[in-house]
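Chain residues, written in single-letter form:
There are 2 protein chains.
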Amino acid sequence: MHRFFLPLENFTADIIPLPADTADQIRKVLRLKDGDTICLLDNVGKAFEAEIEYTDAKSICAHVKRSYTVLNEPGCRISMFLSLTQREKFEWMLQKCTEAGAFAIIPIYSERSLVRNGDDVIHKYPRWQKIIQEAAEQSERGIIPILHKPMKFSDAVQTGSTDTVRLFFWEEERQQTLQQVLQPMKAGLSAASIIIGPEGGFSRDEADLATSTGWISTTLGKRIYRVETAAIASVILTLYELDRQ
Amino acid sequence: MHRFFLPLENFTADIIPLPADTADQIRKVLRLKDGDTICLLDNVGKAFEAEIEYTDAKSICAHVKRSYTVLNEPGCRISMFLSLTQREKFEWMLQKCTEAGAFAIIPIYSERSLVRNGDDVIHKYPRWQKIIQEAAEQSERGIIPILHKPMKFSDAVQTGSTDTVRLFFWEEERQQTLQQVLQPMKAGLSAASIIIGPEGGFSRDEADLATSTGWISTTLGKRIYRVETAAIASVILTLYELDRQ
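The listed protein sequences correspond, in order, to chains U and Z. Read in the working numbering, the first sequence has 156 at position 173, and its numbers run on one by one without any break. Read in the working numbering, the second sequence has 150 at position 167, and its numbers run on one by one without any break.
Keep in mind that the hints are not guaranteed to be accurate.
Identical copies carry no separate label here, and so any pair may be met within one copy or between two of them.
Claimed, not checked - Result set (PhoX-like, lysine-lysine): computed pairs, CA atoms no more than 25 Å apart in a straight line: (1) Lys113 <-> Lys72; (2) Lys29 <-> Lys48; (3) Lys11 <-> Lys48; (4) Lys16 <-> Lys132; (5) Lys16 <-> Lys205; (6) Lys107 <-> Lys205; (7) Lys72 <-> Lys107; (8) Lys169 <-> Lys135; (9) Lys72 <-> Lys41; (10) Lys113 <-> Lys205; (11) Lys132 <-> Lys72.
Everything labelled a hint here was simulated from the structure, so no lab data went into it.
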């Protein structure tokens, strides 16, 4: 069943008028028929199964048949601090981190990043937002991960309260595994942050800055992952370890 | 340091003549200089650090300075049965499964696969082989995963001895987690097989065939992954669970 996030204010009655872009997609791309069932999501955790009705040549409304709480969201809210990198790779990270269950995404730039200024990417935000929303719909998420403004690495490491876990995945860390870090503190952990470096990695100074502000230097294991692989592996493994009995 | 797999027969002495394609890459793409150090790999688990010497306008040889055993290989040999899908996505799976530590890759086709005949993809093998080799070099693997010929799903499920674990990741499986499957049997497990379905998933008949031949129906968790995400998640999580203390 096709899934669509709509603005929360649309969910006021059992008959929901669909926004023009959703109606266009249903009509022109998906070619759904009158009476077909779709799933509407309010982005605060509820899903509404509804039948579509073509009301005129352009408009569609949806008749809600049942609603339920989406139970696919992870118990722990993971904020992903992702280093800006070349377009395709970054978009891929946005999509995959969303599928894997990230709660928020914060693009960052650091010493060795390809992108050196957050303002340079602001024009990409509508496209990125769309990638994230589509990935959230496709992977049956209950919420769309929040895309924050870009931050400098040195500002990013200062964020996040010290009562959450903040994981600094670093290729020069050889000892401390995810299991060692998470196991003692995972009961009831409600938030975690993960930082992923650029292609050239973080410098020693950057690593020192992160650990001095409470980030925990952690290894993803023996094999060397590309940036985008490290991003997806870190979300998947963190949520796996936290869910594990 | 740049890493290159060479044919085993090249490693007969401490001065190793490099094959023409490796020499070309060093000269024209990487532009390494006389005396630069590279790492040569014999694809059976040993690495050789060596200095390059430009012997004439076209040839390069490498002087071995030290050798060591690569310790990055997983203890468990994972065979990935990957459904053939559109080009870009399939190549991406080859690259990522290699980075993540797969031992062998077997392209398969099933009821709902885009590709319906293994012969149609044989011409792509040289390119696929190259993608796998480059990913193995970049991720510091000790071996290049073996790329097998394509197989029909119904033949693929018959492979693999019953004393290994054979995981059938299926979106309709809701109960049995990776942890539940692997934990009781993971001590000393030396081989495992993983099967990943096409975009349309496996049919109920296919699932029945797999489980009746000893494959264990397993879930990757609550969120719905795209095919390529399921492929990488399944290798990463299987190796994580097996390595976990």
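Intra- versus inter-copy proximity for Lys205 and Lys107 (alpha-carbon distance at most 25 Å): neither (35 Å within a copy, 30 Å between copies)
Can you tell me if Lys11 and Lys48 fall within 25 Å by alpha carbon in one copy, between copies, both or neither? within (24 Å within a copy, 64 Å between copies)
At most 25 Å between C-alpha atoms: does Lys72 with Lys41 qualify within a copy, between copies, both, or neither? Classified as neither; 36 Å inside a copy, 35 Å across copies.
Since the copies are identical, ignore which copy is meant and state whether Lys29 and Lys48 lie within 25 Å (CA to CA) inside a copy, between copies, both or neither. The answer is within: 13 Å in one copy meets 25 Å, while 63 Å across copies does not.
When Cα atoms must be at most 25 Å apart, do Lys113 and Lys72 count as within-copy, between-copy, both, or neither? both (16 Å within a copy, 20 Å between copies)
Have a look at Lys169 and Lys135 and pick one of within, between, both or neither, based on CA distance no larger than 25 Å. Answer is neither; intra-copy 29 Å and inter-copy 43 Å both fail.
Should Lys72 paired with Lys107 be assigned to within, between, both, or neither, using CA atoms and 25 Å as the limit? For Lys72 and Lys107, the Cα distance is within 25 Å both inside one copy (14 Å) and across copies (24 Å).
Can you tell me if Lys16 and Lys132 fall within 25 Å by alpha carbon in one copy, between copies, both or neither? Neither: 39 Å inside a chain and 42 Å across chains, both beyond 25 Å.
Classify it for me, Lys113 with Lys205: is the Cα-Cα distance of at most 25 Å met within a copy, between copies, both or neither? between (35 Å within a copy, 23 Å between copies)
Up to 25 Å between alpha-carbons, please classify Lys132 paired with Lys72: within, between, both or neither. within (18 Å within a copy, 30 Å between copies)
If the cutoff is 25 Å on CA atoms, where do Lys16 and Lys205 land: within, between, both or neither? Let me know, please. neither (52 Å within a copy, 29 Å between copies)
Taken one by one, the earlier hints fail for this structure at numbers 4, 5, 6, 8, 9, listed in ascending order.
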